[in-house]
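S.K.: So the chains spell out like this:
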Amino acid sequence: MPASPTGDWAVEAHGLVKVFGDNRAVDGVDLSVRTGTVYGVLGPNGAGKTTTIRMLATLLKPDGGEATVFGHDVRREAQIVRQLIGVTGQYASVDETLSATENLVLFSRLNGLGRAESRRKSAELLEEFGLSEAAKRPLKNFSGGMRRRLDLAASLISQPPLIFLDEPTTGLDPRTRSQMWDTIRRLVATGSTVLLTTQYLDEADQLADRIAVIDRGIVVAEGTSDELKHSVGSASLLLRLTDAASLERARHAIQDVLGVESVLSPEAGRITAPMSDPDSITDLLIRLRADGIQVAELAVQQPTLDEVFLALTGHTASDEETAGDGTTTGAASGADNGLAHEPELETAK
Amino acid sequence: MTQLTIAPGVSRTLKNHVSLSQTVQNSFSMAWRGLLEIRRTPEQLIDVTLQPIIFTLMFSYIFGGAIAGSVQDYLPLLIPGILVQTVITTSVVTGIQLREDMDKGVFDRFKSLPIARIAPLAGALLADTARYAIATTITFVVGFLMGYHPAGGFGAVVLAALLVIACSWAISWIFAFFGVIARSASSVQGISFLVLFPLTFLSNAFVQPDTMPTWLQAFVNVNPVSHLVTAVRDLANNGVFGADAWLALLGAAVIVAIFAPLTVRAYMKKA
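In order, the protein sequences belong to chains A and V. Take the first sequence: its position 22, counted from the start at 1, is 22 in this note's numbering, and no numbers get skipped. Take the second sequence: its position 215, counted from the start at 1, is 1215 in this note's numbering, and no numbers get skipped.
If we strip away everything but chain V, and leave its shape as in the complex, we get:
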């Protein structure tokens, strides 16, 4: 072994805390690992590639005529809605994969390294934004091919996409939390869809809420998903970054502020 002699424990400078810059750096290293894993196992991307295509086609041809008179007229309403719904659904997979990942031996090493405790989680979630970006792009492309022409222009569409990705990243902390506390990957799926279905369908994603009963409208109007959908519509269709966009961002920040510490704590407890 060509190694030099090892510096003894007492003569090293040591810190018992992790600085913010180190936390960020650790998280990016972990995100790099996540991206490599996605590249190695491209079959994991089936959901983010096929789901946007199938859902967009299905919803527009089934409901287009009934809701907006024609498929063409339904697209400006539907595409932002289906975009939000698809990408948020994708974030459930983040929790499931995290659960599977945590059972691997490599997490023992992560825990034994002098890195920020949040890094393995934040890194995994960060890498998954690549998945959200794929789902977002495909949804818009399918929309364009079907004849959707967002009036807001290209820049506004990109901004809308970034907004959706950012909010989904925030929401993925909820599912990451379930991922950490759950016993198995399949139970994560169970809990997550139970939360997700009411949240995405009881919103303005597919229809305007004024046809709903008033008590339901009340919920739909406070549902953060509705605000996100409205924000995307404003941006893509009118090029306006309005109050709903700010509300969506605020909601995202609140979710991260609550669920990131909860998740890290649960993760440490499992350690």
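Just chain A, same shape as in the assembly:
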């Protein structure tokens, strides 16, 4: 039911389909995004994330299904939808030959702002996104992070109530990534609804209220990040010892304290084990000390995207294509602060 009068739903899509040749890039996607929330679409390369967003943003015509933005049909009322959205693409959709100011003035003018107002608005946005110093420089000399920020700034000129962010942090270094996250959070605080796609579970976890996991053109799971993680077990333990001789004793200790069977990793001397309660790590550490087992490295990490995928689809994300430069730096929870982080994937299971 379209809920246009109340505006409860920013996006409602039912059975969206897009076919390229004989490739069903999007094969019946359903999405419902509540107004004022951040919605994450999570999936590997080629899963259909970008195609879905492009259809919702009126850049592609769906081959099947229905989609509305604030109750307005993306096909029949495309021009209205365009007045309600801002789109930041995977590849910066700004003009390379123009300067940052010229870009923003152009988009302001196209959004119907007057000459003077366009200048004022551009200066304001450049200030806000920390680009004032680079305002006059041609974009060719911009870093990836600056380009993304300019791109996002350009999407905000008309203060759209719905913003599409297609992989906003792919290819950014960790520091720039967390800056981008802060920007997105501030955006939501002003009342925007955000629909973002990402390859990183961590990113969806940090930002999104709800997440849809998409694979091969269909939504394979939907829910809050906690719900998704519980479907895979909440964390996994990684343990490396100084002395390989005590491996068996350590596995015994894990069995006793955590009550789970641990696995010896291919790399010698490393143990992994699923964990339901990260807090029980303290008990394990006390036990290891009592047994005189020396720990070289210990980490509690979130399930990785690969693990989520494995659990949800029965194949790993990297089966299709490598999931980008990929691993999420696993800041799992407050419980493991100060402990070593191991960002590597452990696909072998």
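Incorrect hints may appear among the rest.
[What the hints assert, rightly or not] Listed below are several chain A residues computed to face chain V (Cβ distance under 10 Å; list not exhaustive):
(1) Thr58
(2) Thr88
(3) Ala154
Keep in mind the hints are simulated off the structure, nothing from the lab. Glycine included, every Cβ here is placed at the ideal spot set by N, Cα and C.
Using the hints, position chain V against chain A.
M.R.: Just chain V, lined up with the frame of chain A:
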């Protein structure tokens, strides 16, 4: 972020169509972008600056004596012809550049903005009239330096220049169409020159058609390029805005009426 809270979607006034005045305004904004790009990449202007010089010199010294007895006598016939030929050739580049431009990420943003769909195309074509103006000016200047004195006077020459620029803008819609439907910029060039060469050479641009076989004369006399060349000659040499000028304008209007909607439709389909 100092921003105010964002107006919710339901409380905004929205229209599902674009008014004519907004279309014009959007197109001019896009033309402004085109002009900025020309200013940033002046190397794009090599063709419109060098081609008129080289072609005018080459044609007048090679064919002048043979066709009109002397270079001096050939100039009143040649300059309007070479002007039309050069400027129309320049309009091919419009299609090629549009193709390259459309592959850039920024076109995604244009498509997602609530602007007239025709604006990115019309704006690019409008900005290119600056290129035609440069080519026109240089051709006339080279002509003057070689001793061409248009009898129609300065005003008539300016009017002739405007006529050529307007018609070339119309013709550039044809190449814009190829630009939108083609897969790559180089294929646009291929198709365009295939259309262009017969159109400009099978005309009265370089010789009077009465020396041609009658079947060819038949084509040359209906070729819109011939009418444009004749119109420019009438204006520059006699100061007369005659029937050919009106025919050229009519032809230009017909081309725009056919190719502008075709181009926009193809552009939307690609979206």
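S.K.: Would you mind marking each hint as holding or not holding in the structure?
M.R.: Hints, one by one, checked against the model:
1. Thr58: Given a least distance of 7 Å, the restraint on Thr58(A) holds.
2. Thr88: Holds, about 9 Å.
3. Ala154: holds, 7 Å
Of the hints listed earlier, there is not a single one the structure fails to meet.
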